[in-house]
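Engineer: Okay, here's what each chain looks like letter by letter:
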Amino acid sequence: RKEVEQDPGPFNVPEGATVAFNCTYSNSASQSFFWYRQDCRKEPKLLMSVYSSGNEDGRFTAQLNRASQYISLLIRDSKLSDSATYLCVGASGSARQLTFGSGTQLTVLP
Amino acid sequence: EAQVTQNPRYLITVTGKKLTVTCSQNMNHEYMSWYRQDPGLGLRQIYYSMNVEVTDKGDVPEGYKVSRKEKRNFPLILESPSPNQTSLYFCASSLTGTSSYEQYFGPGTRLTVT
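Note that the protein sequences, when read in sequence, are chains C and Y. Take the first sequence: its letters are residues 679 to 788, numbered as in the numbering used here. Take the second sequence: its letters are residues 6 to 119, numbered as in the numbering used here.
The set of hints was computed from the structure by calculation and includes no laboratory data. Among the hints, erroneous ones may be present.
[What the hints assert, rightly or not] The list that follows gives simulated cross-link-like pairs (lysine-lysine, DSS-like), each with its CA atoms no further than 25 Å apart: (1) K74(Y) / K23(Y); (2) K76(Y) / K723(C); (3) K62(Y) / K76(Y); (4) K70(Y) / K22(Y); (5) K62(Y) / K723(C); (6) K23(Y) / K76(Y).
[Unchecked claim] Pairwise CB distance ranges (calculated): (7) K757(C) / T10(Y): 27 to 37 Å; (8) E734(C) / E107(Y): 13 to 23 Å; (9) D43(Y) / N705(C): 12 to 22 Å.
Glycine included, every Cβ here is placed at the ideal spot set by N, Cα and C.
Using the sequences provided together with the hints, build the complete structure.
Structural biologist: Below you can see the structure in the form of structure tokens.
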């Protein structure tokens with residue numbers, strides 16, 4: 679079983695829609711979680727960190743449930759520019775190990 | 006401009022011919038790492054380095070070597086490449102003295118081994 683699992687999609691949604699991605703992790707030692715965004719054939723870039731209390735950055739809301747080992751990302755009012763692959767990432771240890779999910783592909787349609 | 010650079014960006018080579026992919030960062034980061042990305046498998050860590058002369062294996066180190074003689078450079082060496090090393094490779098770096106785990110990635114190197 680992979681340490682970080684995501685629904686690969688693809689998710690095809692119209693502009694303006696709200697879309698939610700989920701992610702589960704199996705390593706209870708994971709200390710921190712993140713969502714990275716990766717555009718086609720480009721490098722991953724940090725989208726946002728995920729906190730147990732939930733956090734929001736504009737149209738993006740991330741949530742962590744440690745009891746269920748579950749992470750979510752909600753995107754409101756989707757834009758064409760949100761089309762990308764979203765990577766769920768867990769981090770653990772002093773060695774700063776990042777464990778990546780295989781990504782969820784989102785396409786926002788006009 | 007703060008960045009991680011990789012060279013070459015694209016490489017087609019033949020089985021057994023040694024190659025090196027260079028990685029350099031100008032952000033004075035202590036931590037550097039190499040990943041490979043394959044369809045359906047996500048990014049998997051090959052090797053990482055916490056500082057100069059300190060390197061350690063990641064999840065998929067077989068067939069790869071690294072060195073960290075200078076803080077800014079972290080080359081990835083394939084002594085005898087094989088077709089199963091055909092992949093998209095990313096170098097990344099980050100600070101270690103903070104609570105931030107954010108890693109900055111290079112643009113990627115697409116390697117094909119025939």
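Engineer: Return the numbers of the hints above that this structure violates; sort them in rising order.
Structural biologist: Going through the list in order, the structure violates no hint and respects every one.
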